[in-house]
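Trainee: With the hints as extra help, turn the sequences into a complete structure.
Given next are the chains, with one letter for each unit.
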Amino acid sequence: MTARRRLPRELALYALAGLMLSVWAFPVLWALLTSFKSERDVLAYPPVWWFTPTLAHYREVLTGPSSIVPNLLSSLIVTVATTALTLLFAVPAAYALARLRYPGRRASGFYVLATQMLPPVGLIIPYYLALQRIGALDSYFGLVLIYLTFSLPFAIWLLVTYFEDVPLEMEEAALLDRAGRWGALWHVVLPQVRGGIAVTTVFVFLNAWNEFLFAVVLGGNRVRPVTVAMFNFISVEQTQWAKLAAGAMVAMAPVILIGLLAQRHIVKGLTVGAVKGGGRR
Amino acid sequence: MNAASGAVSLRGVVKRHGATTVLHGVDLDIAAGEFFVLLGPSGSGKTTTLRVLAGLESVSAGQVLMDGVDVTQAEPGERDVAMVFQSYALYPHMTVAQNVGFPLRMVGTPAARVEAAVADAARKVGIDHLLARRPGQLSGGQQQRVALARAIVRQPRLFLLDEPLSNLDAKLRLDTRLELKKLQRALGVTTVYVTHDQEEAMTLADRVAVFMDGRIVQVAAPRALFGRPATASVAGFIGTPPMNLLPAVWRGATVVVDGAGSAAVAAAAPAERPVTLGLRPGDLRLLADEASADRALTARVELVEELGDSRIVDLTVGGHSVKLRSDTAGELHEGATVRLGFEPAAAHLFDRERGGRLN
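So the sequences go chain by chain: A and B. Under the working numbering, the first sequence has 251 at position 246, and the numbering climbs by one with no breaks. Under the working numbering, the second sequence has 397 at position 277, and the numbering climbs by one with no breaks.
Treat the hints as calculated values from the structure; they're not laboratory data. It should be emphasised that the depicted structure is a prediction, and the values quoted were computed from it without experimental measurement. Mixed in with the good hints, there may be bad ones.
[Stated by the list, open to error] If you anchor each label on the Cβ, the simulated ranges turn out as follows:
no.	chain 1	residue 1	chain 2	residue 2	range
1	B	302	A	211	51 to 59 Å
2	A	106	B	231	18 to 26 Å
3	A	113	B	290	41 to 49 Å
4	A	196	B	230	45 to 53 Å
[What the hints assert, rightly or not] Rough simulated footprint, nothing fancy, chain A against chain B, three-plus residues with beta-carbon under 8 Å:
no.	region
5	211 to 225
6	342 to 353
Note that the Cβ used here is the ideal one computed from N, Cα and C, for glycine as well.
Mentor: Rendered as structure tokens:
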């Protein structure tokens, strides 16, 4: 195909991609713009595109009386603890589900997935009562425990496919190479599921960071994640849109950072060509 | 490495997977330094036997002995064996040098010693220029060599090779086969090699164990395996093309093939009995018309396959297909009736029912 004939086609493709991207990015950009607007400009109708930007809302959500910094810290503790514990348990569990043969293997795989099918709202009251009984309402322990109930099955389910893609023979080779079962897992299997672990980390982190429903019901004055704090900008009298937007922008930052960090490790095709004729047996 | 080490024995090894029995009591003695081939069609139990030796497969009954020591319950890593997998099973996230050095690093060998050993092993298999690459950047033949280097780097007492050449193209397979044999001779390490390719088995082995349906049917040196196959099924598996097998009646010192006449054999039957007559394609000759009729079988020429230095003639003898290898350049017409002879000593006679050898 000549360059002249290719050009219109490429332009059309870029236009289509741009259109789709703008639909996806619109709310984010809107929130970004709103966070720099004065309260008057926020409520202007029709919306104003040209305005004098202000950092007042950022100042307020970071250092003002309604600062969300303590809530960010709360979120960080809950999210990091949830992510770390999830991986700690999900990696061995997924490995076991992918490798070991035991009665009920298929059934347990389905059970793991089935826990994801329950609507979270249906669980709020039992969770509330359970945490109340053990005195874990409004505590990091309680919230992390509840987050684990949905992040763990999800992480296991996601990781199993990555473990299954590592050929069994590679592990057997490691056993014969005197690595032992743990050595085989550590030196041979885990490096190959790195991408999967990175993907899982991002998803679990994201879900825990952005979780609202459980946080607002099971949290309280001591444990109040940033999502709940932002919700408090919406009140009966008024909604502080600009502050809400500024808070959202600040809350987004760690997630974006994690995404960028993990992206480096999500290298596809690392195992391609290692074993002739593919791995699955 | 101790030159006298590496003797391996299996005593009555049985392997069951649920209700199916994969190995029905395998007994085997492999001498130190021997190149021993496990040959058989797929599903015959040869790879399971290799995996039992490696410790990757537990046994349902029986014993595995290495240098007289019972290692039946020993972990794979405790047996001092190295294995080359059919898929090579290289570690994709490591460089070639890291792959080859892995078995040494796992037992805490100092880095300098690892490096020297890796360089030495790499040189032996001719991959010293590839040490910095990753497996994904190598050709199939190069990957195969890396797997080989990883096996020889720690000088184990036993090499296990599971169809290591099956993923190479035909030309490379022949070259590698030769190098493998030389390497084994040079290292003197006991080698157990699994293949379904009888030609590979014949060219490489000091001795071959032929597997059929989870049992060893014959253990012999290649020449003996070819010359005196123990059963009709072994006979039909060995040789290119394999031995012709015809139903016949053994009567006195002759065999009678229904619809094709009779021919002399070297041994006389104790009593008349139905047999399977085995004839190697290379032992058959086309006879001139004037040869005596009682020493020849009548055959019909179906097809002539020209190989250049020789030809394979497809014939029908009494309704059964028979192949003949001939290096004479005479004119042969498809559809012609010819007469077929063989030396009386060249006939192999097997029990028609059980397949066991009779002469």
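Trainee: Failing hints, ascending?
Mentor: 2, 4 and 6
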